[in-house]
Amino acid sequence: MIEKIEVLETSGPAYERRSQRFKSWFESVYQWHPNFLFTPNKEVNWTKITKPMSEWKVGIVSSSGTHLKSQKPFDIVGLDGDWSYREIPVDTDPKELMVSDSHYDHSDADSDINCMFPIVSLHELVKEGVIGSLPSKFYGFMGFVPDPRDLIAHNAPEVAQKLKDEAVDVVIFTPGCAVCHQTLGIIQNIVEGFGIATITTTLKPELTEQVHVPRAAYLKFPYGYSAGPAFDLPMQKKIIRDVLELIPIIKEPGLIIKMPYRWHGHTG
Amino acid sequence: MAVDKRTDELMGHVESMLDIIDDMTEDMQSRIKKEEAKENPDESRIHFYQSQLTRLVKLNGLLEDDILEVMISIRNISGPIEYME
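As given, the protein sequences belong to chains A and B, one line each in that order. Be aware that the first sequence starts at 1, since it is given in the numbering used here, and climbs by one per residue. Be aware that the second sequence starts at 269, since it is given in the numbering used here, and climbs by one per residue.
So that you can see chain A by itself, here it is in the shape it has in the complex:
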């Protein structure tokens, strides 16, 4: 467990700097993606978890563009993005996974998918008895969805229902690119609304806080490492465990916790 819980500042110089970064990004995003529709969650859903962590069934939803090599790749060319999703069986060999997304650098994740899609970390945490079990499937989205209206109407609730049908207690969300943070925040809030406690890692807190999500953990890492540094399983596992442990600690919707890790390159 992290020693000191530090909430992201909501005033002062750090907050001002973050707001400025959001403003700059928001003004420029339309130059790259003219059909981008800023869609913050109007109300933040909230599900309290009462079970001990050792009994949780934990799922993964990622907007990193992760899918099985045997599945149809996500559409990375279309200007409208791709709001479809891929079901990833829980017992998938990580080597059978790949990333279809050209909006961020995933060169390390191409060799070690666990730095973005924490499938190995979760299996290890089950083995160690830290968490209880895993559902039969995880879910991969490609987060470049400039206009998320169809996602909100169809695919996000569909995935939320599937998670609910499997009696998943907790879902960890991991983003890919910048726009992915909005996409993922929307899916996260919908899943939370289905009575499942959720937490997302964020690499772009200035956007996550504007989208308004139930719970978030800020990793000051580059895109492509939303579940830890590559090729460092102990650190990846520690990060995922620390992030999950925040769920019962965060008592107020919308809080973003600063994680105490410093970026040390791809070798961890």
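Think of the hints as simulated: they come from the structure by calculation, not from any bench. Think of the CB as a built atom: it goes at the ideal place given N, C-alpha and C, for glycine as much as any other residue. Be aware that a few hints might be false.
[Unchecked claim] From the structure, some residues in chain A lie toward chain B, with a derived Cβ separation under 7 angstroms:
1. Ser102
2. Ser107
3. Tyr223
4. Gly265
Given chain A, work out where chain B should sit, using these hints.
The following block gives chain B in isolation, referenced to the frame of chain A:
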């Protein structure tokens, strides 16, 4: 390793600086502690160490909060730039 390796090299320099600053900070903290534990601590020495500590904390903040954040943004943009080629 980033697709544009230069961004990792840039960040590596800052990471190294931060490690050195951590080391110097610990050193100053330990000197202060040691001096304070003496029967007759030398106040001027303690002020001197504290003054250095303040500078180190400031430099750490600049590197972590300003420079590293900008470098992460540069690395983030360099990915799509390389993929576009």
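Verification of the supplied hints:
1. Ser102: holds, 4 angstroms
2. Ser107: Given a least distance of 5 angstroms, the restraint on Ser107(A) holds.
3. Tyr223: This hint holds: Tyr223(A) lies near chain B, its Cβ roughly 5 angstroms from the closest one there, short of 7 angstroms.
4. Gly265: holds, 6 angstroms
Consistency note: the structure conflicts with none of the earlier hints.
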